[in-house]
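Visitor: The listed protein sequences correspond, in order, to chains A and B.
Quick note: the first sequence uses this note's numbering, first residue 33, plus one each step.
Quick note: the second sequence uses this note's numbering, first residue 8, plus one each step.
No lab work stands behind these hints: they were computed from the structure.
The structure displayed is predicted, hence computed values, not measured ones.
Some hints could be false.
[Claimed, not checked] DSSO-like mimics (lysine-lysine), calculated; alpha carbons at most 30 Å apart, straight line: (1) 62(B) <-> 111(A); (2) 19(B) <-> 160(A); (3) 96(A) <-> 35(B); (4) 42(B) <-> 160(A); (5) 96(A) <-> 19(B); (6) 111(A) <-> 35(B); (7) 96(A) <-> 65(B); (8) 14(B) <-> 111(A).
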Amino acid sequence: MKAALEAINRLITDRVIENYAIGGAIGASFYLPAMQTEDLDKFVFLPASSRPIVTLTPVYDALKTQGGQVEGGYVRFGKWPVQILIDANTLIAEAIREAADTDYDGVPTRVFTAEHLCAIALQTGRSKDFARVMLFLEENEVDLEALSALAVRFGLSDRLTRVLNIAKEDAQ
Amino acid sequence: MTEDALKIDREKTAFNARSNAAMRAYLKSRTWPEKIESIERMNEAARLAREGMRKTRKARNEGPKRWTGK
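Between the sequences and the hints, there should be enough to build the whole structure, so can you do that?
Guide: Written as structure tokens, this is what we have:
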């Protein structure tokens with residue numbers, strides 16, 4: 033994964049992309065101890081862009097020159113498949129802009145905040161996404177006040193209330 | 008909630024859907040030994056990721072807020 037992050041960081045230096053942040057299961061792994069097996073190796077990388085993107089060919093080409101192997105809808109670095117997703121809605125765009133700077137084994141990187149990871153999980157809305165939000169709550173890894181504010185802004189309050197009710201029942 | 012907060016780019020959404028489908032197909036194609044190896048790799052990656060986040064938070068003197076379940 034380190035090699036993949038170094039390659040992605042290089043994309044910013046070379047101005048192929050403006051920015052990126054890690055989301056999904058790998059993003060959650062920066063905060064949570066347990067991972068869902070269904071999301072194995074899933075590594076989400078989101079180039080930020082102010083213009084409509086119809087192709088990521090320049091990104092794939094740049095990653096290929098750094099040892100990545102393009103295979104279908106992802107790029108593989110060694111045994112790590114790197115999935116490239118783009119900012120399809122305003123919540124994801126905001127999550128990229130406001131991502132936290134952190135470090136992975138000495139390599140600087142950016143990861144969605146716990147609150148944005150939870151809000152995106154609520155928006156995606158599958159049972160496993162709700163389970164992930166509950167895990168963030170159980171592990172005390174999310175600022176509930178900030179998450180509630182995000183939920184209000186993005187029309188996710190009902191979904192958050194549902195998850196909180198289940199979490200409260202489980203806590204009793 | 009504003010209208011802008013719910014804006015969705017259909018072209019980008021379609022792109023992401025194709026990417027997710029490719030990733031699902033890749034994951035399904037893995038053999039059990041490969042999946043087990045992948046879990047071990049993932050566990051080690053998660054350990055390094057959390058370690059990095061702990062250092063970041065310590066440097067910023069910040070921590071998550073406690074949820075009391077109330």
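Visitor: Residue 14(B) and residue 111(A): Cα distance at most 30 Å?
Guide: Not OK: residue 14(B) and residue 111(A) at ~36 Å, beyond 30 Å, violated.
Visitor: Given the proposed pairing of residue 111(A) with residue 35(B), does the C-alpha separation stay at or below 30 Å?
Guide: holds (15 Å)
Visitor: Assess, step by step, whether the Cα of residue 62(B) is no farther than 30 Å from the Cα of residue 111(A), and give holds or violated.
Guide: Judged against 30 Å, a Cα distance of about 27 Å means the pair holds.
Visitor: Can you confirm whether the C-alpha distance between residue 96(A) and residue 19(B) stays at or below 30 Å?
Guide: Roughly 22 Å between the alpha carbons, so the hint for residue 96(A) and residue 19(B) holds.
Visitor: Between residue 96(A) and residue 65(B), does the CA-CA distance stay at or below 30 Å?
Guide: violated (36 Å)
Visitor: Check whether the Cα positions of residue 96(A) and residue 35(B) lie no farther apart than 30 Å.
Guide: holds (24 Å)
Visitor: Is residue 42(B) close enough to residue 160(A), meaning Cα to Cα at most 30 Å?
Guide: Within the cut-off at roughly 19 Å; holds.
Visitor: For the pair supplied as a hint, residue 19(B) and residue 160(A), confirm whether the alpha-carbon distance does not exceed 30 Å.
Guide: holds (23 Å)
The structure is inconsistent with the numbered hints 7, 8, although it conforms to all the rest.
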